[in-house]
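Peer 1: With the sequences and hints as input, model every part of the structure.
Residue numbers (my numbering), protein chains in the order written: chain A, 330 to 643; chain B, 39 to 292; chain C, 39 to 292; chain D, -5 to 263; chain E, -5 to 263.
Read the hints as simulated data drawn from the structure, not as lab findings. Misleading hints may appear alongside valid ones.
As the list claims (entries may be wrong) - Derived EDC-like pairs (lysine to aspartate or glutamate); straight-line CA-CA distance at most 20 Å:
id	chain 1	residue 1	chain 2	residue 2
1	C	K205	D	E106
2	B	K205	E	E106
3	E	K40	E	D186
4	B	K205	E	E113
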Amino acid sequence: ADELKPVVFSLDFIPLGRHAPWYAAVEEGFFAEEGLDVTIIPSQGTAQVMQAIASGTAQFGFVDLPGVVLAQAGGTDIEMISVNYQKSPYAIFSLANGGDVQDIAQIEGLSLGSGAGSITPKVIGGFMSQNGLSASSLEIVNVAPPARASALLSGQVPAIEFFVMAKPGLEKAAKEAGTELRTFLLADNGLELYSNGIGALGSYLDENPDVAEGFVRAAMRGWKFTLDNPEKAADHIVKNVDGLDHDVVLAEIEVVRNLAVTDDVKEHGLGWFSPEKMKTGVEFVIDNVGVDGTAPEAGSIYRSEFLPEPAILP
Amino acid sequence: MTSNIYYRSIFPLVGILVILIAWQIYTDVFNVSRVVLPSPTDIFFATTENFSQLARHAWPTFLECVLGFALAVGIGIPIAVALSSSVILNLTLYPILIAMQSVPKVAVAPIILVWFGLGMESKLAIAFLVAFFPIVVDTATGLNATPTGLLELAKSLRATRWQIFSKVQLPAALPFVFAGAKVAVTLTVIGAVIGEFVGSNEGLGNLLLTANSQLNGPLAWAALVWLSVLGMVLFGAVALAERFFMPWAKTASH
Amino acid sequence: MTSNIYYRSIFPLVGILVILIAWQIYTDVFNVSRVVLPSPTDIFFATTENFSQLARHAWPTFLECVLGFALAVGIGIPIAVALSSSVILNLTLYPILIAMQSVPKVAVAPIILVWFGLGMESKLAIAFLVAFFPIVVDTATGLNATPTGLLELAKSLRATRWQIFSKVQLPAALPFVFAGAKVAVTLTVIGAVIGEFVGSNEGLGNLLLTANSQLNGPLAWAALVWLSVLGMVLFGAVALAERFFMPWAKTASH
Amino acid sequence: MAISKERARCGPVSNVEPFGDFKNIEKRFDLGGGEYLTAIEQLSLKLEKGQLISLLGPSGCGKTTFLRIVAGLERASAGEVRIEGRAISGPHPDFAFVFQQPNLMPWRTVLENILFPLEIRRQRTQAGIERAKELLDLVGLDGFESRYPSELSGGMQQRVALCRALVHDARLLLMDEPFGALDELKRMEMHDLLLSIRARTNVSVLFVTHSISEAVYLSDVVAVFSRRPATISKLIPIDLPYPRQHEMRYEAQFTEHEREASRLLGIVR
Amino acid sequence: MAISKERARCGPVSNVEPFGDFKNIEKRFDLGGGEYLTAIEQLSLKLEKGQLISLLGPSGCGKTTFLRIVAGLERASAGEVRIEGRAISGPHPDFAFVFQQPNLMPWRTVLENILFPLEIRRQRTQAGIERAKELLDLVGLDGFESRYPSELSGGMQQRVALCRALVHDARLLLMDEPFGALDELKRMEMHDLLLSIRARTNVSVLFVTHSISEAVYLSDVVAVFSRRPATISKLIPIDLPYPRQHEMRYEAQFTEHEREASRLLGIVR
Ligand SMILES: Nc1ncnc2c1ncn2[C@@H]1O[C@H](COP(=O)(O)OP(=O)(O)OP(=O)(O)O)[C@@H](O)[C@H]1O
Ligand SMILES: Nc1ncnc2c1ncn2[C@@H]1O[C@H](COP(=O)(O)OP(=O)(O)OP(=O)(O)O)[C@@H](O)[C@H]1O
Ligand SMILES: [Mg+2]
Ligand SMILES: [Mg+2]
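Peer 2: Written out as structure tokens, the structure is:
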């Protein structure tokens, strides 16, 4: 297969340690083995991945479940064909000498640095309601992602919301500041919500089932390779992306392992998802985030037929 | 006079209409997703549906723009005077100003937040940072371009530096100052939005971000439309001020 | 002449040195976290450690700036000519240009990606969009400010529109054009960075974002420093071009 | 030279169409706020081919305005401006204007300023450059070709503007106080230069001046303007033979013409 | 008037320090590229208090340059410029300069332009405004107070510049061809205006002109400049009584002075 089919894959953000599996799949030749020549492009968050897929700039993207629900409500037919973050990466960070959030009850009445209109506060709100806390007591202070760490470290806000992958960097900065970081991962405290996985346009999937199948298989092999050989995977991504620190990448891979490898995955393989959990996830999003337009059916959100056979176990 | 008003309103509308129609056709024909680029009608409905919300958020953004612009003028013109009055200051300050100008403001937002907090101040600081440079460069150029004859007249009368500046150089530089101000005022809109991105709970930039992260294309673009209208209004205000302050200039254009 | 060169290099350095020292003292005394604001020495070490990386990424950014600027000049000046040559065009085009200018480019980046793809083109488009407005406004102002005496001379000779423009209006407007170009060239730096934020695997903007996301303050600020140096170099190039194209102007400043 | 002497007699030589025919010209300036200033009223003048008419009149009466109307730079509020029988609408390609201000381009050297009209007419040839240099010589500016206007004295700038008007063969020269900033010696040289060019090329000239003796020395006809609103109060045909000689300035006929013009301008001797 | 008549005699009246003392002035312009242009060489002149000296000379010889040096706008390359015994360094507060160009501010009305010097000296009073209006009247520009310079003719602009120089009581008037763009009648009126102001205020005047008769009519002394590099080739004391009368222009003594100046300027009659 010397004629490789060019395919563009859009990350959910700029390439960071958490994205090592995708680069591993490229560098180890897994994609090529499926006849694919994959280009990985960065983006700036959910909206842009969706726009890239919807406009055909990218054929596949690393999309999150809430984003797909919103995109479908917005009139696109993006569907998920794998779930890689079995746990949501939403985390609340605080400093030991600041907010010191260690327990779910402490979220109530918290002043939280988060993004303007970001869906995360709504997810947290839903999570609080599920746990009998008053969601409206949460005070959201809008701080842009690049400024959030500064806002926390300089004491402008007692706590911030970030993906849990920020933990290693924040931990280091906290230590330098002479204090300790507190990480509160929602998923470890009872939040049941699928997060990121591979997404593509339904119409594209209809026309290119083989490509999709090959893509998912190769990607899952990349994931497995990364979990098994974090050092090598880190080398791969650091080689491709300037500015990445090897140690930070390794630390992120470990954080991601916690999100990606659950009991379900150990049983059914990487990328697997259960329709029931999908359904509860979609409902959670519709109830708590709210959608503009017609809320999609849970069943239209995903397709499981492209998951690798046999399953790739971690 | 009446035909003048007719003129002045008909052509802008025609221009915008042509663009809107082309846009509508483009989105319809290519079946562009609303998430990527909503059609003008989508945006129109989003605007009417969310009118009060948009209006509510337009106010703080408008305020940030006006105050940020005032800051840019109030600080930029004195800097320009300093630059043009002394070669040493010019050489010392210019590199620093250029450095401040060519650094992406989003990247320095963290330190601005630390210094100015999460309130209005940090937004003003960013709007100022984004807008002051055109005023400085244009005004300094204008001050240096004062007709030598007028300068010598003032010098021969032993005018003080301040008199030379206020009575000769500044009026002579007004076309430059207003050119800079026109650019600056549209930049404050962008500055205000960046400021709101960085840390705010209100404003059109904020609404834009919210709509965007909810993949609500029509509302996001409605916010963009409001921002551009805001830009036009502010630009128009500066153009009006130009006419007012330069009654002697026969305005061939604008 | 030699004292001139001495002058021209010593003062900028002094200015920058003063700032660096103040900065160093500030970070040391207040024990500012390196994530919030690294000290100049932190940044210096980050620069030396990552020198080859920074240099490698500076090149595409530099290219984007230069080409984006060329586009802004090449398209901006004709637009300015159109604006200043016809009231109708002026009224029709200006609102559209202002709308384009006052919309945050980050927000329209996705559609630009769709139209121009992931390559250099989209970055150029953004750099152009960010930079063209000052050139248009300043050039149009300059063209309208041509001394009437010279215009009438040309008219009395029945010069064509093009001749009037190229031989009278443009040279007369050069101080304005260069003021606009100076602002524009620093804006292209920002434009290039925005373009890189949106979809690119290289460039200083990209490196900046990566370093930022890893909370690597020193490297992020090293990238910022390079960006400002890039801005200064480009600005200096325009200032040099100004001297070259306007030999008759006694440059009091710069 | 022979031709010039022939033409030297003033007044309509024949009944054919005059070169320039200006009838009942009126010019009102809108000062805004409903105010108007009438600069020219009921002004009529005929200019024969090859004729040199001087316009004398009080400062601010409307001489420049009249010249600008003839040049097509300004529209008359009423009246007719015809050149060779055709009503003009805008500048004529074969006219040259020496403005009251030098109007030099600060970004062009002296030589480049002079070559400007040739450039506009796409006639910038080696011959043109030679001619420009020759003119510079004739007005006493040799060696200043590559200087910028800001390095020249007022009178030197005026001479450059003169060269610029003479560099192409215009059929009508409109000259607005072209020698006002020159010393008398230079001025007299310029008079002879202008008259010899006129004799050679048969160019028609409208010449605004404040110097009565200059007007008399140069002209076929001196047109004396009234105060604003300007109209022509008298046409004085100058019946002195061409080529004019400087000695003529002291002849009775000459001083008689001067005296008449002075009287018309209100100067009582 | 009495004082003026007294002062009318030319030449050093006493042995005390002259008002202005200019010794061996030299001015070289750096043209770049190692080239220099010597505009003035070894120029010496004494100006008594209340004296009016006219400077006559060929165009481009260095008259404006000399005036600019006296005004403190330009530095002499060599030589001494003393006013009341003190070497000058920069403009003097009590001088007024009428430039060769009107140099009006396009953004100010006529009246506001005239008031400019008073504003600079923080003397913009009601009396000053009255005086400005009076001057406008005297130069024949009543009714034009609130017009902009672009709405004026060349000669009208020059008159506004004249008013601007006269609006405050200067002790030295530096006038660079101030009446060059005026018609003869207006010019004669201006001559009398200048002389009467001089008589009233005892102001000293350096007056550049190209008109020989103007120089003779106005001056205590006519200084004739050589061609560039300029130096003074002759000082002609004008021994006509003040107040000057227009009839004097035709007197033998007057024309004799004119003739001498002409001869010095190279005009052979
Ligand atoms: N653009 C204008 N707007 C209003 N009034 C004007 C304008 N141009 C000229 N005028 C008026 O028209 C009259 C005639 O002006 P013009 O320049 O023709 O005079 P002129 O005879 O050339 O005088 P001078 O000998 O002083 O140059 C003047 O009173 C002047 O104020
Ligand atoms: N800034 C300058 N740079 C170079 N040369 C100059 C400069 N200013 C004047 N000159 C030269 O100095 C000489 C004298 O100029 P100046 O203006 O004093 O003459 P002027 O006697 O006033 O002549 P005019 O009667 O024509 O006004 C001229 O040859 C001129 O070219
Ligand atoms: Mg005139
Ligand atoms: Mg002079």
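Peer 1: Could you grab the alpha-carbon distance between K205(B) and E113(E) and see if it respects the 20 Å cut-off?
Peer 2: Roughly 9 Å between the alpha carbons, so the hint for K205(B) and E113(E) holds.
Peer 1: Quick one, are K205(B) and E106(E) close enough, alpha carbons at most 20 Å?
Peer 2: holds (11 Å)
Peer 1: Please verify whether K205(C) and E106(D) have alpha carbons no more than 20 Å apart.
Peer 2: holds (11 Å)
Peer 1: Quickly compare the C-alpha distance for K40(E) and D186(E) to 20 Å and report which way the hint goes.
Peer 2: Roughly 24 Å separates the two Cα atoms, so the pair is violated.
Checked against the numbered hints above, the structure violates only hint 3.
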